[in-house]
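Peer 1: These are the residues of each chain, in order.
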Amino acid sequence: MSCEFKISQEFEKKVDETITHYPVSKRSASLPLLHLWQEEFGYVSNQGVEWIAAKLDLQPINVFELVTFYPMFRDKLAGKIQFRVCRTLSCALAGGYELFDHLKKSCQIEGDGHHGPAVSADGKYSIEFVECLASCGTGPVLMINDDFHENVSNDKANELVKKYG
Amino acid sequence: MSCACKNPFNHDIATENTPMVNVQIDGEWVQVPKGMNIVAAAERFSKFIPHYCYHPKLSVVGNCRMCLIEMGTPKMDANRQPILAADGKPEIAWMPRPQIGCATQVSEGMGIRTESPLVQECRKGVMEFLLINHPLDCPICDQAGECKLQEYSFEHGQSNSRFIEEKVTKPKNVDIGERIVLDDERCIMCSRCIRFSKEFANDDVLGFTQRGSHTTLAVYPGKRLDNNYSLNTVDICPVGALTSKDFRFKMRVWFLKETKSICTGCATGCNVLVGSRENEVHRLTPRENEEVNSLWMCDQGRLGFHEIHEDNRLTTPLINGIKSDWSSALTQIAQQLHGFKPEQIAIIASARMTNEELFLLSGLRKALGGEAVLCDVIERLGQADGILRSADLNPNSNGAKLLGIANPGKLNEIRSGVSNGSIQALLIFNENANEAGLSIESLKKTALVINVGMRLNGAAHFNLPSSSFAEKRGTMINGKGRLQRLNRAIAAPDQARDDWEIIRDLKAAMGGGNGIHTVEEAFKAMAAVIPAFKDLTMSKVGDLGVELTLSSVQS
Amino acid sequence: MAIAETRLIFKHIDSPGYTNDIDCYIKNGGYTTLRKAITMKTAEIISEVKASGLRGRGGAGFPTGVKWGFIDPSKNTKPVYLICNADESEPGTFKDRQIIHKDPHQLIEGMIISCFANNVKLAYLYIRGEFPEGAKILERACDEARQKNLLGKNILGTGYDLEIYIHRGAGAYICGEETGLIESLEGKRAYPRIKPPYFPAVLGLYMCPTIVNNVETLCNVIHILQMGGANFAKLGKPNNTGTRVLCVSGDVVKPGYYEFEVGALTLGQLIYDVCGGIKNGKKLKAIIPGGSSAKVLKAGERYKIKQKQADGTMADVEIALEDIPMDFDTMAAVGSMAGSGGVIVMDETRSMPDCLANISEFYAHESCGQCTPCREGSLWMKKITSRIRDGKASVEDVGVLKNVADNIAGRTICAFGEACSWPVQSFVTKFKEEFETVAGNGAKK
Ligand SMILES: Cc1cc2nc3c(=O)[nH]c(=O)nc-3n(C[C@H](O)[C@H](O)[C@H](O)COP(=O)(O)O)c2cc1C
Ligand code: SF4
Ligand code: SF4
Ligand code: SF4
Ligand code: FES
Ligand code: FES
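Residue numbers (our numbering), protein chains in the order written: chain A, 1482 to 1646; chain B, 4 to 558; chain C, 158 to 602.
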C-alpha cells in the first residue's frame, strides 16, 4: 500500500468510536468511515479503501463497491470551495440550470459536472449537479461545502462567491 | 438426498420428508414438495421457466426478472377455508401482478401460469431490456451456442430493435484473473459469479462498481479472480461475459462431442464432461452429481487434461529406444521375465489406474510369483481445501488398496532393492520412476526395466505406450468409497493402448490367457472375486456411480 | 382567504424564539409524553397507535399500527430494531428536513416512545448524506437526551435501555426505499431486497424484525399518545386521519410547507388560497401531487370517483382537479397518490417534455441498477425524453417511451420501478399531443 496519507491517532480514535455504534456488525460502519476519511483527506483514495477494509475485516472490493455507488464519495479532490447545485424539477423551474451555468462561468470551471465535480483549473472551485436537496420550496438551492443556500439568484450567487472566496 | 459437497443452497432438492402440496401449473394439478421454488418445481413437469440470475446452488436475488410468472393462491371463504370449484379443486385468486418464480415457494392450492400472454409479454420486455445495451456480435462471441441470452432472445425476444440510442460503453477484454477474461459489455449483471465466489469458493473478490445502467462487474485494482474454482464462474455466467483464457475462441462449442467421465486429478473424482473433437480434448466441464461435486470442479482438475496432448507422448512400443511393435515387445518381455526369480521382480503401479487395470495387474503379479513380487503405488499428497479438493491426489487409491496393488511401505523396499541390485526386473506402470525416487543410474544398473505409460522413460529397456484417462474406459473408487466410471472421449494416439489390454496381453504372452476381451469382462471377472463389487456390473455403476460400503473397500 | 392550518407536527416550527435545543423543547412541554408512555404497557401504546388510524408519511401510506403489529415481541427471540427513515429525497418533498433542523427533539421523543412500545434496544436514524448539519443537530439532540437520562441506559429509572445512533447516507435516493436503506445500513450497496422473503418485519436489519418509519410518522406517535388514539382519529377523515404536512413548490406565489388535517382542504384551495395562486398571473397547467413519483394531474381534468356520502352510502361523483381533497384515498381514486406530500405546480408556460425529461434524468441517475427493467429502462426513458425535449425525436418515439414505461412498472424488485414509470406513463398519456408536436420540433423553454 502506498502511503500518501498519514493516519493520525486522533483520526483512528474517531474511527474506533464510530465502529462502536454498530455492535452487531462492523461492516455497518463502512459509510461512516468513508465519510470520516473523506472529511479528513478530501477524497477516498485506494489507500482509504484498503485501510477501511482492513479496519472492518472486509475485502477492498466490498468498500470499493460503495465508493462508486454513493455519489457523495469522490476518488479525487474537489475544489476548496465546492458548489453543489440542485438539478431537479422544482429547482429547475426556479432557475437551477441558469444558476449552474452562471457559477460555472463566473468561477471559470470547465467540464459538465453531471457525474462528479468539475474543478476549476486552479483547484479553487468545483461544481456539480446534485439531485433534489429537499428544499424545493425555496429553489434554486445551492450547497457551498456543507452550507445550504436557498432562493439563490445570480446576484445572490455573486455575493456568496465573494464571501467564500 | 444428501449432498456431499458443501453448497450453501440446494433449491432444487427437497429433503426426504418434505410433504407434497397440490399445485396447479398451466391448468394442470400436480404434486410438488412444499416450499420448493417455482422454477425448480415447474422443471419437474417439463415446464421451463427461463431464468438468468437464479441458480439452484446459490442464494436467490431475483434481479434479472426473466422468471416472471403469474401466480395465485386459493380463494378463501369467511372461515378461511378454500372455496372449491366444480371440479373439487380450489378456486384460485390470481395476483394482478406477475411474480418472480425463483423467489416464490410453492404452497397448497397455488396456481402458476408459465405461458400466459402476460408472462410472454414480461419475458419479451425483459429480453429487450437486456439486449439494448448488449453488443450484437454473437458470431464473434465465445459464448455463442451456450449463451442464454441468444437462446432466450430467439424464443422470447422480438426481432427488430426499437433502441436507437447510443449504447452504454464499458470495459472490454478485462484481464481479471490468471485464467479468466471479462467483457463488461456482455455482462447482464445477474451476480451469479459474485455469489459463487463468495458463497462457494469463499473468495469475495468480485463486485459491482458504479450504479444504474453503468453498473460494472469488477475486481478491486490489484486483486485477481485466481482462486482454484474460478473457472466455474465461466460455466455459470449465462452469457459470454466471463470466458476461459484456456478455451476462449479455440473451438465452437457446437462442434464438441461431450463424453461423461470423471476427473482424475484427485480422490474426489468430480464428475465431468470431456469436450472433444477429432481426437483432441478441448475442455473439461463439471457434470452434476450431488453425491460428489454438485455442479462444480476445481481449476487444477479442469485444466489437467493438457498433458494428454503435450508433445512428448509415447506412441509406439520401443525396444531399447528403437521403434518396434507390440507383439515383438511383449514376446521379448515375456521371455526375459521368465529369467527372474519372483524376489528379483518388482512392480511400481499407479493409483491413477482403473480398477480393471489394477485387477489384471494383480493377476500378472500372481503369474510372476505372487506376494514375493514386491508391488506398490506412489502416494501423492496435496492439501485438502475444504471445498472439493482432496489431500490425496491419486484418483483411485481406494481401488489400489482394495485390489492389493497398494502395499504401504513396499515402495521403500523396492527403492532399496533397485539401488542394491537385489531387484533386477522392474515393471513401472503409469508412473515416473524419478518421482518414485529411483535415479536413472540405479535404473541403468537394473537388468530389465519395463515402462508402461504416456511418457518415455530413457532408462527403460522397453517403453510401452498407454492411454490417458480420456482415452480409456474403466472404474475408480473415490476417496469417499464411491465407484465411478471413466469413459473414452477420444482414441489413444497411434499404437498406444489401454493398460488393461497391455497387461492382459503380457500375461498371455507369458503363457496364461484369461479370455478377457472387453473392459466389461475385466470388471465381471473382478466382481466375481472381490466382495466389494459383488453383484455389480459396469452398467450398474451408471453415469453417477454407486456407493460401496467403505468397510468392504478397506477390507 | 387563507384556510387555517392545523399545526400539530409543525406547531413550533418557525415560531418566534423557538430553538432546537432540549431546554426549549422541554419548556414547551417536550418529553412529557415519553414520561407518560413509559408508565404504559407496550401493548397499550400499540393499540393507541392502531386506534389512531395513522398512516405512514413516507410515501406508501401504510397503517403504522398494523406495521407494528406484525412484530410480536412475545413470539420472537431475535432483537427488534427500529429505523427512522430520514432519507427525504423524493423530489418535491421538504418536510422532514424542517423537523430535523428546527424541532429535532420532537423526532427523538417520537423515536424513543416508538422504540419503547416495540421493545427496541437499538435504533438507527438514517439521515441522507446531504444533510450534514441536520446530522450534527440530531447528534447533539441525542447527547442532550442522554444527559437527561431520556436515552441510554435505564431510561428515567425504568430499567429500559435504548441506544439511538445517527447514520448518514451518501447521496443515493434509493436508500429511502426501506430495504435498500437496510442494506445500506448494513454497509452495502443500497440494493433493495426481494419481498418475499425479506419483509423488514420478519427479516430486516441483520435479518431481524425491523420497523422502518418516516420522520413525520414517528413524530405523530407523540401526539397520538397525548390526545389518545381515538381523538387523533377524529382529525382528518376516516382511514385518512391526523394531519399532513404538504410541501408545495414550483410555480405558485407562496411555495412552502403547510400542515392541515388530512383531506381538510382541496387541491384548489391549497394552490389558490394557501399558496396564493399561480405565479405571475399565469394559468395552471399541471400538478404532481405527491412527490415526483406520483402521476401528474392535468389542469381541467375531471375525475369520476366513488365518494362516501354523509349517510354512509357510496355514490358516484364527478369532481374537478381543484376539488380533489388532499387525502390518501381520493388521491388514489383519481389515479395518482398522496405519496410523500410534495406538490409540484407547473404553469401554462412550462413544457411538459422538458419537465418529464428532468424527472426522467433523476430516475436514470438514481436507479440502483440491480434489476433489469429499471436499470436498462430508466436510462432508456431518459434518452428518449431528452431527444423529445430537444426535438430530435419522432411521433413513434412517444409511443415507444410509453411502452418502455409499461414494461417496467410492476416488474421490478422495488417500487422505484413504478416511481420512474408512473411520471412517464401519465405525462405521455395526458399530454400526448404536446409530446408528439415537440418530438419533431424541440421544446420552447
Ligand atoms: C424509491 C423509494 C424511495 C423512498 N424514499 C423515501 C424517503 O426518502 N423517506 C421515507 O420516509 N420513505 C421513503 N420511501 C418509503 C419507504 O420505503 C417506507 O415505505 C417508509 O419509510 C415507511 O415509513 P412510513 O410507514 O412511516 O411511511 C421510499 C420508497 C421508495 C420505493
Ligand atoms: S459476468 Fe456473467 S455471471 Fe457475472 S454478473 Fe455478469 S453476466 Fe452474471
Ligand atoms: S477436486 Fe479433484 S477431482 Fe475435482 S476437479 Fe479438482 S482435481 Fe478433479
Ligand atoms: S427497481 Fe430500480 S431501484 Fe429498485 S431494485 Fe430494481 S433497479 Fe434497483
Ligand atoms: S428540487 Fe431542488 S431541492 Fe428539491
Ligand atoms: S431468475 Fe428469477 S429474477 Fe432472475
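Some hints here could point you the wrong way.
Here are the computed lysine to any residue pairs in the SDA-like style, where the Cα-Cα straight-line distance is at most 25 Å [to be verified]:
1) B/175 <-> A/1585
2) B/151 <-> C/351
3) B/537 <-> B/294
4) C/345 <-> B/62
5) B/483 <-> B/175
Hints in this document: simulated from the structure, not taken from any laboratory.
What you are looking at is a predicted structure, and each value in this text was computed from that prediction instead of being measured.
Peer 1: Determine for every hint whether it applies to the structure shown.
Peer 2: We went through each hint and held it up to the structure:
1. B/175 <-> A/1585: Violated, at about 34 Å.
2. B/151 <-> C/351: holds, 23 Å
3. B/537 <-> B/294: The hint holds at about 21 Å.
4. C/345 <-> B/62: holds, 16 Å
5. B/483 <-> B/175: violated, 43 Å
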